[in-house]
Structure formats: structure tokens, C-alpha cells
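J.: Letter by letter, the chains look like this.
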Amino acid sequence: MFQGGKNSIPKPAPRNLEDLDSVQRVLLHSDLEPEWLDSVQRNGELFYLELSEDEEESLLPEPQTVNHVRFSEKEVIIEEDDSRERKKHEPTLKRFTKILKSKRLLPKRYHKKNSNDNGPVSILKHQSNQKTGVTVQQRYKDVTVYINPKKLTVIKPREQLKLLEVLVGIIHQSKWSWRRSGKPADGERLVVHGLLPGGSAMKSGQVLVGDVLVAVNDVDVTSENIERVLSCIPGPMQVKLTFENAYAVKKETTQPKRKKPQSSTNDLVKLLCGSEADGTQHSSLGAPHIIMYLSLQLQSEVSKEEQEILYHYPVSEASQKLKSVRGIFLTLCDMLESVTGTPVTSSSLHLNGKQIHVAFLKESDKLLLIGLPAEEVPLPQLRNMIEDVTQTLKFMYGSLDSAFCQVENSPRLDHFFSLFFQRALQPDKLHLSASPSAQQYDAASAVLLDSLPGVRWLTLPQELKVELDTVLSDLEAADFEELSEDYCDMRRLYTILGSSLFYKGYLVCSHLPKDDVVEIAAYCRQYCLLPLAAKQRIGQLIVWREVFPRHHLQPPPDSDTEVFPEPEGRYFLLIVGLRHYVLCVLLEAGGCSSKAIGNPGPDCIYVDQVRTTLHQLEGVDSRIEERLASSPGPCLSCADWFLAAPREKADSLTTSPILSRLQGSAKTATSPTCRRTFFSDYSFKARKPSPSRSSGGCEPGEGGEGVGLSPHTTPDAVRKQREADGSEDSMALLKLARKKSTLPNPFHLGNSKKELSEKDVEVYNMMKLTSGPENTLFHYVALETVQGIFITPTHEEVAQLGGSVHAQLIRNFHQCCLSIRAVFQQTLKEERRRALRGGDCPEPTDSVSSLTPVKEHGVLFECSPENWTDEKKSPPVMAYWVVGRLFLHPKPQELYVCFHDSVTEIAIEMAFKLFFGLTL
Amino acid sequence: MGDEGPGSTVHLLCLAASSGVPLFCRSSSGGAPSRQQLPFSVIGSLNGVHMFGQNLDVQLNSARTEGTTVVWKSFHDSITLILLSSEEGTSELSLERTLDMVFGAMVLIVGLEELTNIRNVERLKKELRASYCLIDSFLGNSELTGDLTQCVDCVIPPEGSLMQETLLGFAEATGTAFVSLLVSGRVVAATESWWRLGMPEAVLLPWLVGSLPPQAARDYPVYLPHGSPKVPHRLLTLTLLRGLELCLLCGPRPPLGQLEPQLLERWWQPLLEPLRACLPLGPRALPEGFPLHSDILGLLLLHLELRRCLFTVEPSPDKGAQGSRGTRACRERRGCSPPSPEAQSLLPCARARHGVAAGGSAARAAAAPVDAVSSEPHPWAAKPCHPHPTSPYPVPLITQGQAVNRRGNISVSLFIHSQ
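In order, the protein sequences belong to chains A and B.
Residue 1 is where the first sequence starts when you use this note's numbering, and the numbers rise one by one after that.
Residue 1 is where the second sequence starts when you use this note's numbering, and the numbers rise one by one after that.
The hints are simulated quantities; they were obtained by calculation from the structure and are not laboratory data.
Any given hint could turn out to be false.
[To be verified] Sample of chain B residues facing chain A (criterion: CB under 8 Å; computed from the structure):
#: 1; residue: S45
#: 2; residue: N47
#: 3; residue: V49
#: 4; residue: V58
#: 5; residue: R64
#: 6; residue: D219
[Claimed, not checked] Restraint-style ranges between C-beta atoms, simulated for each label pair:
#: 7; chain 1: A; residue 1: K891; chain 2: B; residue 2: Q215; range: 37 to 43 Å
#: 8; chain 1: B; residue 1: L292; chain 2: A; residue 2: R832; range: 35 to 41 Å
#: 9; chain 1: B; residue 1: E305; chain 2: A; residue 2: L888; range: 52 to 58 Å
#: 10; chain 1: B; residue 1: R123; chain 2: A; residue 2: R834; range: 45 to 51 Å
#: 11; chain 1: A; residue 1: K873; chain 2: B; residue 2: Q215; range: 58 to 64 Å
#: 12; chain 1: B; residue 1: K230; chain 2: A; residue 2: L888; range: 53 to 59 Å
#: 13; chain 1: A; residue 1: R832; chain 2: B; residue 2: E192; range: 34 to 40 Å
#: 14; chain 1: B; residue 1: G289; chain 2: A; residue 2: P890; range: 41 to 47 Å
#: 15; chain 1: B; residue 1: D77; chain 2: A; residue 2: S902; range: 51 to 57 Å
#: 16; chain 1: A; residue 1: L888; chain 2: B; residue 2: N117; range: 55 to 61 Å
#: 17; chain 1: B; residue 1: Q269; chain 2: A; residue 2: E909; range: 55 to 61 Å
Note that beta-carbon positions come from the ideal geometry of N, C-alpha and C, so glycine has one too.
With the hints as extra help, turn the sequences into a complete structure.
T.: In C-alpha cells:
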């Protein structure tokens, strides 16, 4: 908190001869140590996040207000001079610390920066939060208390100053004082023997009797020097006390509930870093929700209360009721499985007038339960969520047992599940973005997209793809100097198995097997890394942890000797984020690299290399950005257009001169079918820019203001504009594009210029999914399970369309797709079961039962504008289809489309168009 | 063909909520009633979890395993019904509706008083036996959809107006307002008052008549779950042709003896031919020669306002053969006309020709396109207002469902060939 200048993007650590391969060596040269090094935990894990400077500035005032509120409750008078004086006094204390250090008065305990706990400058997860962390964090907890030395003047100091008692409110009775047997014990530990009522320590609620005070503002203290240290506090200020708890007990709900002003800007960051006390943020989630991990084997001789609960979260009231009826779940799990032969998957119950779904997942003799209200989370989604959670936990810890049954994991799991419930119950809060429309889109689509076994993919033009591939391959080759085995004369620490590059949450390039990339993406999703990268420029993000990729650790049982046997190695995940990029690298230790011993932390060289790779990509992002704005996917229509002017639109389209001109030019095309598609494609190509313009500034006459797009474009304006689209020549387009440059998006200008120059090329690339002259496609999601990717319109595309009805349509589309997908999943399950049974009898005699699988499912919806003011006319009605289609051959694919009712569509054709050429 | 293996079994448990005493257990396997029963310990724990939750103010509604769905529902705090179904593609919604129907059936037979105020469990058990027949028809595969759609199954009779007139005349002659003509559980024609019957009984009464063993005439006491759950009425049925029955709902008058064969003969003898043409309408619902595209394999038409539905999977006779060969979706069905050696009819000339009707039940397999039909389709409804899974085998099918729900509250589902 004191080092304002530390927040710049760090330059890659210089790589000269000495500071090379390992953390230890770098530690020796402490001048060069990267700032994240301190936050590496004892078990080697690291989660380090630092926003870029401009983001920081916007966040900076926030934590201060937090402090204000917190302390103003108690000491109002000091409030106003607090912030002013802090600036003055804090450096003095720091200076003091330095002096002590230089005099070697202080034993070096562990390096820890003061800047850590005040949030914004560099946010270190697991350190500002007392509950989290492993050994170090568990033994040590930091409590910030307010100390006002001016009290001393009020209370007459008696013979011996007992500053600890008076200022902090901690009563420590040294042995010396009651034994009087001899000399004061040198450096006696400061055990908290009692708390002074009304003292700061008691008010904080976090200091417990039995704790040992080990440091004040990172200055180590003992009974010997405590009074001196405290007497150096010049004025009223916050002081960080570090305690060592005698027993690493998991803290119960003793945390006082503080009300913090919740600003929406950095909630995500706060959540990610776990800087908010868990209890506090969940008090706002009133709906009952719970996660429990129960043991099904009860030791009857030990009749301890709640012994079957291995883990549960949250500890708040909301979950109490669900916790108390766990007997139901245990009985159901046991009984129904014995009756039906299949494990229980879900249950639903009514609680306080609310319907709650509970999803079950049984593994050997343990049961994982997640309960969420049905209103927020429909059952199919909950099923997907529990599977997702299980997958990620296994990826992180190897198995559910090792995740839940180790005590030191529980603070981390608390954090994990606080994020989980936050995402489930308050999705809007996490999807922060610049524009509200994109935010809406995110929140609406998360229902479906979060559960798809794939990663959101952005198709890139060939040359860009090659470029990215090259950069990643260079990294993966790992032939940079420091890593060469000759150079260090030792085996390299890790083999890079592959890497995946995300840009703004879209997968742009991946050199990892499908299973790995899906698991890594799920991990990033659980920790909200991808939305973070999409919304905020990351100054530096480094995540390091050991992972257990299923694909490598559990090879399929039928693998024969021909197949490459996976080495018995350990795997580590390194995620480095920079600006909007997130690069995930999977490393292998063992195999051909040296074996990992203990819990190795992140290796500087690997981190630097990855970061350098990201720096190399700096120039590319404008081109990716451009691609995001105008993706090669099929053109979309906005639902509002159809409601606005159903008739005229068609007319203006067919009569537009540009079309006739095009028909002439299309004669060059070779085959008649080709010409037809060419023609129709072009017509929609010509229409494509219209939405962006309607959001920018409609007509030249209407002026360039209109950056804040109006949700209700009047039918007239749209129509006019569409006509303009048809007739305008390139000059007008250019002019408009200039006008558009008032848009916040800086890429727009170059984008439309490019469109002009490359028009002829792009005509071939543009794709119209629907048949018929009109483009009736509203939205689509296409899932490719072999490569583990899906494509869907980008945020920019959706934002360009705008429209109030359209936003609702998208929400409805995703919800409908969720239930359609649930039907498909049932189908797939039955198919699998049948395949198993089919193994016994070669001929599928049960032709009757194989009729059930659902391959296509369509639902027709009808909508009209919400607030229709014209009383004379009835509101226009638009009907649209949401169709899901499941393909099993040649490879499993799923397609969900939403289109206008006017044209009959054949899903197979659409799928062919959409999936064609879709390769990683 | 209809063999589904041990997978698809349905168990219905009925317990007294306060004491936990099982009142009855019904099971069906592969669509037919079976004697296979759940062990008593399972019944006890199924009820136990529900009771345990109730004591803690937590209402356990349903649970699912991979292949099975269990639904709990308690009625009037005195009866707990538990339904355990392992049919493919069952939803909680349909099971819950089935439970509603089952409870309605129990009220229909023994009255609400007996059920809410259980004094003698043994006597109640005995009384409930009368409802087994009806309840089993809900558990098994019925050709009717009323339990799911909560609409009355109807057919379109040939010469409908003539039949309606005759029915009205007959009603007047007998002095009864509630009269209807049913063919295997579907309404051919009914008086205004009959149509105005409340919801559970409007579906339950035809269903009851369809499920009872064939009799020439019956005088059956019924409670109306909605209309008069505590005061019984009389349901008189008169078989005109085999499977074609005339129903009268009345108070103490008229006695059955007053409805003499002469009266029937006077009113219905002239309509013998149209009546005979009604017989195949049981499974088909549409009269011969009804103009319908030949690619349509199945049809479900719901009128949500009038609460009537029309459902068929063999809209044309030749397609019917095809349908019986392969078409099957959500429900497997069995022929609903019970094989009786002696079809009794009150119309003299029909008695000689009862064999004609036998052909109608040849086609057995059927498809039900409904997963869930929400009664109030809303344009922005989060749930699909009209899902229609199709099964492209052996003939590839393409979904072309249609949900028309503007003013008229009519929904139509069509199953159409892709070619």
C-alpha cells in the first residue's frame, strides 16, 4: 500500500549468467526477484494478479472507502484526519522498520511486501485473506486494527507502559511478571492471554485467546521489543498485527459481518483475489444454496455430531436448512441406488416456498451435493454444473477425496465455491464489460455456454493463424538458451506439452489435446480468468499449480502397446496473462525432463519465456480485434428489424440497384448454383454494415452523435437506412465510416476501410446460413466435440445488432437450448447404454426402442415488442424457431440455431455450412 | 414387440400420511399391470424420507436416478402418493400429473371424506380396491392423453350433428342433463352440461368407463372430485355397441330399470350405421376419408379453452399399419379394448355383428408427441411451449411442429415425413 510505483508491467527479468534456472537462485539475488515471487505459497502454488495501470487507477479509491466505513463505525472523530495523517505517518513507520532491519534487530522471517494487503496495487490472493493459504497462511494470520496513541494522553500512563494492553487491547502476562524468578526471558513469545473489552483487538473479532503475536507491520516482535515497537507509532493509524495461531483451526463464523460498499467495477477482481471476507459477500446471496461432501460410511462407534460432513460451504444461514436435511440425501442415495441400480442424480424439494434442486454425484463411498434454487438455476444446468465442478476439482487436486479431505485445502475450496455460487446466483455481477449489451449477452449465454464441453473458438484468417502457431511452437520447442540442457548442465525441469492462447476469452490458438484444453478452460472459467481478460487489461497474471489432467494420468483402459505410454510424470499448469491475452501452458515434469521433487514453485525462466511470447504477440491483437468485430461466421439479423417493417424490408432489398449490378458481375461465376449463392451472399454482405451504423449514427443527416445506441430504432430509420445501404456507393460508405470513428471502438475505422478494399475477397468468405432471399438467422451455437470447440457470434457482432427484443430473444434462445441439450444428453446416454448392450447381441433387434433417440428438437416462439404504445393497431408479431440438432456421424456435433419463421430450414444444411472448414 | 425388458417399471405407492400404513401398491411393467412389488423396507424408507423432510419444513418433491424418477406428493395431509417410474423420458411434470389423476380417481371411487378422515384403514383399503382398475390404466400404457394434457380426449364422429341431436333428444327423454357417448374412453358427443364438468372428473369419467370391464349396463356410484367430492352421484352406462357406451350422470333418478331397451332402440336404432362407423375411431379419432396429408404420421390437437384434445397416431388406415410397425415415441401403448369373449350390447342387431369391431384394435403402437404442454403458452415462456421430439427411424422424420396459440388457444402438433 505504500509503494505506488510498483504497479507497472514488470520487464522480463534480465537473463544473465547467474540468475538462471531455479527459484532458489533467484532468491539469492533478491534485487532481481520478480514481484510475484513472494506470493508463491508453500506448496508451490501461485495466483498473482495485477491489473494494468489504467485499470488500477480506476480501482484505487475504492479500498480506501472500505477502510473508512469500517473504522468510522467506531471512531468517528479520527476519521477525517485518518487519510491525511496516514500518508504522513506510514512512511515513518516504514522507515523505522528499515532501521530495525538494518541494525539486524529483526530476525528475517519471511519476505512479504507491505503493499500486499491493501489490494489495488498488487493483489495477492491468499495473503490478504486470513482464511486462505497453506502452512504459512494457516499459522499466521494478519489482523488490521486501528491504533490511536492519543489514547495514552487520556489514560494516565502508570509506572510501566503497557502499550500492548492499552493500545491494542491484548493482555499478555509474561512469565516474568508472575514468577518473578529471575531475568525477563529474552524474546518470549507474546501469547494472547486475554482481550481487553472494547479494545481494538476485540473489536476486530479476529484475535483469539491463545494466538501468538509475532509481528507488527511486519516487524517481528517479542515481549522484549513490543513496547518499543508500539511506542514508535506516531499517531492514529491502522496497524497490521500478525498472529500465529497455536492450532490451525478452521475458523467458524466468528467473523463479524461488515457491510462493505459494493462497487461494481472491481467486484470481479476482489472476488478473484478473495479479498472480501467470504461470509460478507454471501450474506447478499439470500437464496438457499449449499455444497456438501458427505461420507457414506459411518463409523457407528464414534457418534460424533456431523461426522459425515467432510466439507460444506457456505457456513451461512442460507445453507443451514439444507444441511439439516442431509439425512434425506443420504437415504435417497443409498436406497434408490439399491432399488433401481443406478446412482441418484438429482432431487428437488420445497423450502420456504422456494423450489431447490439438489444435484448428486457419488464417487465410491463419498457423495458430493450441490443445492441451488430452481429459479436461478434450472435442473439441467445444475447437472452440468456439478459435473463441471467435479471435473475441475479433479483437474486441480487429482480426485475429489484429495480435494475435500485435506484440511489445508478448505480455505481454497471456500474461495473456489464462493466464486462458484457467485457465478450461479449473481451472474450479472461477474460479467462486467464496457457495454451493457455485451454484459447482457454474457449473462444470458452463460447458461448454455458454460456447460458445453468445448471452448469458445474464434476462427482466424490463415496467415494470422500461421503466425500464432509459429509463436506458440517456438515457445513449445523450448530451445531458448537457458533451457538448453547443455547450458545448465542439468536436465531441464519441465517439458512443455502444449499451450493454448486465449484472447478476450476466445480460444485463438491451441496446441493441446482436446481433453486438456477443455479442462484448462474449465479451470479458467471457474476462476473467472477469461471474463477478466475480456473486460480488463491485465497487467500481469501468473497462475501456477500442479494439475492432474485426466487425459495424461488416466489413459483409456483399452490402450494397446502401440500407443505412446504416458510417462509417470507430474503436470503443472502455468497461466500467464497480459493485456487481453491469456496463455495457458501445460508442463510435464518427469518423463524426459527431471523429476519434480516436493512442491516446486513457478520457475522464473518459464514464466519469463511465456511472458515474452505474449509480448511478441503485441502487434497481433489489433488484427484479432478486427476479426472479433467482423467474424467470418454467418451474418446475423436483428429481431427488431423483423418487427419493425416486415414488408418494406423485402422490397427495398430486391429493388436495390447494387443487387442488379451484382447480378451482372456475377456472370463471371462459373456454375449457376455458384452464382445463386454468390448473389444471395452479396446481398447480405451489403446489408451487413447496417447494424453497426445504426448503432453509430444512423444517417449522415442525423449526425454523428448516437454513440449510445438507442434500443428502439424506429422502423422508419431502419428502413431508410436499409435503402441507403443498397444504393450508397463506396464513397458514402467511407464517409460513414469516418463518421463512425466517434465510436469508442478504435478498430472500426480500419475495419470498414478494409472491408472496402477486400470486398471481393470477402464476398466469398461471407456466409449466409439460412435459405431464401432474406437473412433470417438470429443466433447460433455450433459445438464440435472432437476438437472441443464451439463457435457462436462474438460479443461485438451481437453488440452491433443491438435491439431490445433481440436481447430478450438471445436470453430465451439460450434457455431453450439448455433444455434441448438436456434431451440430447439423455439421447446420448441411452445410445451409449444401447451400444454396451449391443455388444452382447450383434444384431440390433430392438428396433422399436431405437426409435426414441431425439436428434432434432424445434420450438416455435412468438414475440412482440414489449411496450407497444399504438393502441389502434395490434402490435406486430414475430415468430421464430429455436432448433437444436444432434449429429452423431461422422463425428458428434451439436447445432443450435434461432431463425425467423418465414423460411423453412433444414438443420443439416445449416450445420454443413457452419461446420465446413472449422478446424483448429 | 412391445416388450421393453425389465427396464420400464412403474410403482405406485399409496400411504396414509399420518401413520405410514400402506393403503395399496400398484405396479406395472412394460405397460401391463404386474404383481412385482417393492420390498416393504423400501416402501418404508421412501415414505420415511418424505416424512423426515416434512418434520423439518422441507417438502421433498422428486428425485431422479439415471433411469428412474420418483415423485412424492401428499394430499390433504392424509394421503401420500409415491410414484416410481423407470420409463424412458418421463418427466417430473407428467408424473405429478399422474399422481393428481390417481388421487382424483381415489376420490371418484371412495369420496373425499373417507380419504381425509381415515377412521378404519382396513375398510378404506377394501374400498379402494374398486379404483385399482382405473389407477392401473394410468400407470400402464393408455391410448388416451388426458392424464398428461388435462384435456378431454375426443373424436370427430361422422355425421356429428345428427349424433348430437339424437343425444340431446335422448337426454331430454330421460330427464338427465349430463349425457355423453363414449367410444373406448373418448367422447363422441356430449351434452352442454357434460362439457361443463370440472377438470379432474371431465377426464376421469370417460377414462373410468374405458377402463372398466365390459358390461351391458352399469349403475356406478361416483364422487366428483371437483364438483361434489363428498356427495356421490350415479353414473349409468349403457353399451350400444361393443366399446361404444352411453353415459348418464344423475342423481337418484332415473333408476336404471327405467332405461329400457325399447327407449334405446327408439333413439339409437336409426343411427346404427353412423354408430358403427364410430367404432374404429377409438384409436384413430378421425373419421374415414378425413382430408389429411398422407405424410402426417401423428396428430395432437389441443383446444386449451374448451379443454378438449384430439390425438391420433394412425390418421389414415394404411398409415396405421405402418405406424404399428415402427412408430413409437414417448409412450408405449397397448390396445385398450380388453379382449372379452362376450361383447354385450344393448342394441339387438349389433350383438350379432360384434366381430366387426375387433379389427379396430389391430394397430397398437402409438406415439405421443407431448412432453409438456403448458396451459398458457406465452411468447416469452422460458420453457419450450411446444416441444416435439421426433424419431427418425426407420423413416427419417423432420420436425415440423406447429404451435398455434393466438386467440383460439389451439395447439397442433404434427408428425410429418421428411419426404
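J.: So which of those numbered hints doesn't the model satisfy?
T.: 2, 6, 7, 9, 13
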